[in-house]
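Residue numbers (the working numbering), protein chains in the order written: chain A, 1 to 324; chain B, 1 to 276; chain C, 1 to 305.
It should be emphasised that the hints constitute simulated quantities derived from the structure, not laboratory data. Some hints could be false.
[Stated by the list, open to error] Here are some of the chain C residues that sit facing chain A, going by a computed Cβ distance under 10 Å: (1) R57; (2) V61; (3) G76; (4) A204.
[Said to hold, decoys possible] Covered, in the sense of this in silico footprint (three residues per stretch, anywhere, with C-beta under 8 Å from a C-beta of chain A), are these stretches of chain C: (5) 9-21; (6) 294-300.
[Stated by the list, open to error] Think about it this way: if two alpha-carbon atoms lie no more than 25 Å apart in a straight line, the pair counts; the simulated SDA-like pairs of lysine to any residue are: (7) K5(C) with Y294(C); (8) K5(C) with F154(A); (9) K5(C) with L117(B); (10) K5(C) with I297(C); (11) K5(C) with I107(B); (12) K5(C) with V105(B); (13) K5(C) with M286(C); (14) K5(C) with L62(A); (15) K5(C) with R153(B).
What you are looking at is a predicted structure, and each value in this text was computed from that prediction instead of being measured. Quick reminder that beta carbons are idealized off the backbone N, C-alpha and C, glycines included.
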Amino acid sequence: MTALSVRDLSLAALAVRDLSLAIGRTNIVDAISFDVAPGEVLALVGESGCGKSVTAQAIMRLLPAAIRQTGGEITLGATSLSNLSARAMRDLRGRQIAMIFQEPQSALDPLATVGNQIAEALRQPLARVRAEVRQMLVEVGISDPDRRIDQHPFELSGGMCQRVMIAIALIARPAVLIADEPTTALDVTIQAQILALLRRLAAERQTAVVLITHDMGVVADIADRVAVMYAGRVAETGPTAAVFATPAHPYTALLLASIPRLSDVPKSALAVIDGQVPQPADYGTGCRFAGRCPRGDRRCVAETPALGPVADGRLVACFHPVGG
Amino acid sequence: MRRISWGTALIFAGLLAFMVAAVGADVFASNDPLRQSLLLRLRPPGTATATAYFPLGTDDLGRDLLARILYGARASLMVAALSVSVSLLVGVTLGLMAGWFGGWVSIIAMRAVDTMLSIPAILLAVLTVAVLGPGFFNLVLVLGLTRWPRYTRVAYAQTLQVAALPYVRAAEMAGCGPGRILLRHVLPNIAGPLMVVATSEFGLMILFEASLSFLGLGIQPPYPSWGSIMSVGRQYVVRAWWLTAFPGACLFGVVLCVNLFGDWLRDRVDPRSQGR
Amino acid sequence: MPELKSRLLQALIAIFGVLTIVFFIMRLSGDPTLLLVPDGATAEQIAALRHALGFDRPLLVQYGAYLLDLARLDLGESLVQHAPVAGIVAERIPYTMALAGGALLVALGVGLPAGLAMAVWRGTWLERALAGFVLAGQSLPTFWSGLLMILFFGVYLGWLPTSGSDDLASLVMPSVALGAITMSSFARMTRIAVLDELSRDYVAAGRARGLSYGAVILRHVLRNAAIPVVTIAALEVGNLLAGAVIVETVFAWPGIGQLAIQSIASRDFLVVQTIVLFVSMVYISMNLLADLAYGVIDPRIRRDR
Ligand SMILES: Nc1ncnc2c1ncn2[C@@H]1O[C@H](COP(=O)(O)OP(=O)(O)OP(=O)(O)O)[C@@H](O)[C@H]1O
Ligand code: SF4
Ligand SMILES: [Mg+2]
């Protein structure tokens with residue numbers, strides 16, 4: 001049940017195909033697929049626990065020991081990551097594929113200076129690459145870089161720490177950047193600035209960005225395309241504008257309908273729908289949204305809908321798509 | 001309920017053996033631990049005469065080592081149990097009061113705790129026993145009256161937490177006096193953590209008794225203690241290894257079991273500490 | 001620097017408390033004169049001495065005089081050895097320092113790597129083996145392990161001297177015996193500290209920028225984990241000095257521990273008192289030092305001061 005790609009795969013900087021992850025015998029991510037082109041921002045949205053972060057960790061090949069990849073393939077440009085040696089994978093991290101985290105202050109070593117941590121991404125001592133690091137600080141919008149470069153994370157605000165994380169991630173000019181809820185922990189006013197910065201740098205450097213978020217407002221603001229996840233599966237993917245205009249999956253439709261105005265989305269926007277998200281242990285056969293779906297029928301409970309094309313560049317996993 | 005593992009069973013068996021040996025020393029020992037026989041000095045384990053058998057050999061005065069080890073277990077258990085009881089009583093009372101009344105009571109109590117803990121325990125015990133004179137009673141008194149600070153710390157911290165709980169506040173509103181609340185509501189709540197401390201102190205007190213007796217400041221001759229047997233063993237270390245090896249192994253085994261039991265208890269009382 | 005000030009104040013209170021406790025312990029037996037006279041003194045001699053030392057004055061006056069003397073660093077004169085107590089004790093301090101140093105070396109050299117390994121290889125046979133080793137170290141009575149070493153390495157193999165202080169070789173066994181318990185607490189503490197740090201985001205972030213697991217540990221985890229370990233390292237120095245009482249007796253090592261026991265036997269209690277005060281002062285200063293060391297390791301605290 002490989003998802004058909006609606007786009008030319010050679011364009012993709014990162015392609016995830018049928019990725020499955022499990023803890024013991026429990027599937028937590030089930031054959032998900034998506035791809036991102038250079039300079040493009042793909043938003044991965046979904047409720048808490050649907051498997052966004054573990055997907056990011058799987059792409060980085062930094063899964064916790066408890067979680068195994070049980071299937072699928074991840075390709076970075078022309079390289080398949082799945083069969084890469086640990087050593088080769090390590091060489092790619094930071095250089096070809098980088099990541100930023102939800103809580104910038106805890107993702108930085110509190111005892112090491114900002115400059116030293118940025119230099120590590122270049123695998124050089126700070127003294128040798130100081131000018132380059134300083135330039136990167138300027139690019140991520142940190143004022144007074146000559147002072148900041150020797151400061152410790154606790155001397156910086158949360159927003160500045162996230163700028164430092166972006167500097168660490170982008171200084172080696174990776175092809176792909178994964179940002180796991182990069183603004184959730186920040187003040188609302190700072191959030192927009194950080195997102196704008198990400199957007200601009202990705203465009204300038206032709207970096208492919210996978211932006212993980214809860215927030216439909218963020219998706220609307222900066223994502224070129226969106227992949228909506230539900231309970232460990234991709235429900236729907238496509239260009240943001242098209243998905244927002246005519247959602248095909250009933251889940252997406254409900255999500256968007258429950259948001260009064262896209263500009264001020266409450267954080268719990270995704271929890272407004274009646275009923276509860278199933279836990280990984282309760283993922284059975286059939287569509288996982290069936291318990292909450294207004295359009296569901298017998299077939300939905302018995303069979304698993306595969307991700308298939310509905311329209312121009314869009315894929316949906318539903319037997320009875322909205323408007324279809 | 002978790003099933004008790006083999007390891008845990010072994011710990012309990014070890015502790016049980018120690019208690020049984022201590023309590024039933026007179027039953028198990030076939031010889032009088034105090035009877036000397038200069039003809040039978042420093043006989044190796046397994047020595048048999050026409051009238052007696054010495055499975056673990058004899059000491060420098062020809063006394064049966066096995067009997068002395070068994071009676072030594074009794075001394076060890078009694079000193080540890082009594083001194084832990086004394087310090088538990090003192091420390092918990094102080095901690096409960098400091099936690100409940102706060103203010104000056106807590107400031108003075110907690111300063112006293114810090115001060116007591118700034119004198120290394122074994123030195124404090126050595127000095128005090130030396131001033132008071134050695135012997136069983138003084139040993140218990142000194143260990144009991146110098147080892148209370150850890151209980152006070154735990155009781156204080158836990159009382160602060162428990163005292164803030166709604167039902168304790170409710171009991172206070174209902175007109176219960178502080179004594180009643182502390183005994184009825186607070187103490188049962190903090191018993192777990194206190195047991196954990198008491199267990200680790202129990203092991204420590206066994207070690208302290210042996211150490212002080214080894215230095216000649218504990219149980220006085222002719223009465224046996226594992227420490228004083230080993231102190232004789234030190235003089236005859238070249239000629240009579242058994243005087244060092246057997247009592248030491250018992251001491252090590254018992255302390256090990258107590259420490260393991262302490263870890264086991266802590267995991268049950270505070271599951272978050274699992275494996276720490 | 002309010003933090004530092006309050007630390008200093010706490011240390012001063014502790015010092016004052018220790019002096020007070022020791023003063024009253026010395027009077028527990030009723031008549032401290034009896035603790036100071038050599039064996040075989042006559043009743044008149046004792047009475048004369050009691051008067052000369054001021055022990056017939058009210059307790060509070062004695063207490064004041066005691067504090068004053070100590071404030072002037074006057075530790076008194078040994079009536080047994082007819083020499084200033086300060087000199088008698090000072091002569092022995094280097095030996096105990098050497099022993100404590102050796103023990104600390106053993107404890108750090110074995111305890112830190114063991115704790116680190118237990119954290120990094122969590123859940124493997126290596127962790128279980130090391131945990132057993134650590135537990136044994138923690139439960140070993142120092143005098144027994146000391147005697148066993150004497151039996152094996154000294155008597156049976158004849159590799160190391162069994163007592164005395166002639167050369168470095170004679171320092172080996174006492175250091176190991178004394179360091180074992182401290183080694184265990186270092187290992188336990190290091191394990192917990194490293195486990196705590198390994199679960200932090202910066203570890204994942206470090207790996208995400210291309211550092212190997214080992215490099216993250218060396219460059220980031222160790223320094224962070226050192227902070228809690230430093231505190232107990234300082235406290236353990238005090239425990240090592242106190243533990244020296246037993247180890248020095250086992251190995252006939254001429255430090256202050258052996259001196260304390262000898263002085264109890266010869267009823268030279270001023271010497272014992274001085275040793276207890278000295279070790280307590282070291283203990284309190286090490287505590288203070290640990291607080292200061294934080295500032296060096298942890299820039300967050302450096303700024304607060
Ligand atoms: N280290 C782990 N060990 C065990 N289970 C885990 C671990 N990490 C994640 N999980 C489980 O995997 C599932 C997916 O978790 P994940 O963190 O990817 O969700 P998420 O979509 O990122 O949620 P959130 O929006 O809250 O970050 C959840 O059921 C979670 O409980
Ligand atoms: S497959 Fe059925 S249950 Fe699932 S979303 Fe579509 S209509 Fe609803
Ligand atoms: Mg997440």
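Results for each hint:
no., hint, in the structure
1, R57, "violated (56 Å)"
2, V61, "violated (53 Å)"
3, G76, "violated (48 Å)"
4, A204, "holds (6 Å)"
5, 9-21, "violated (count 0)"
6, 294-300, "holds (count 4)"
7, K5(C) with Y294(C), "holds (15 Å)"
8, K5(C) with F154(A), "holds (23 Å)"
9, K5(C) with L117(B), "holds (21 Å)"
10, K5(C) with I297(C), "holds (19 Å)"
11, K5(C) with I107(B), "holds (18 Å)"
12, K5(C) with V105(B), "holds (24 Å)"
13, K5(C) with M286(C), "holds (16 Å)"
14, K5(C) with L62(A), "violated (46 Å)"
15, K5(C) with R153(B), "holds (24 Å)"
Hint compliance for this structure: hints 1, 2, 3, 5, 14 are broken, all remaining hints hold.
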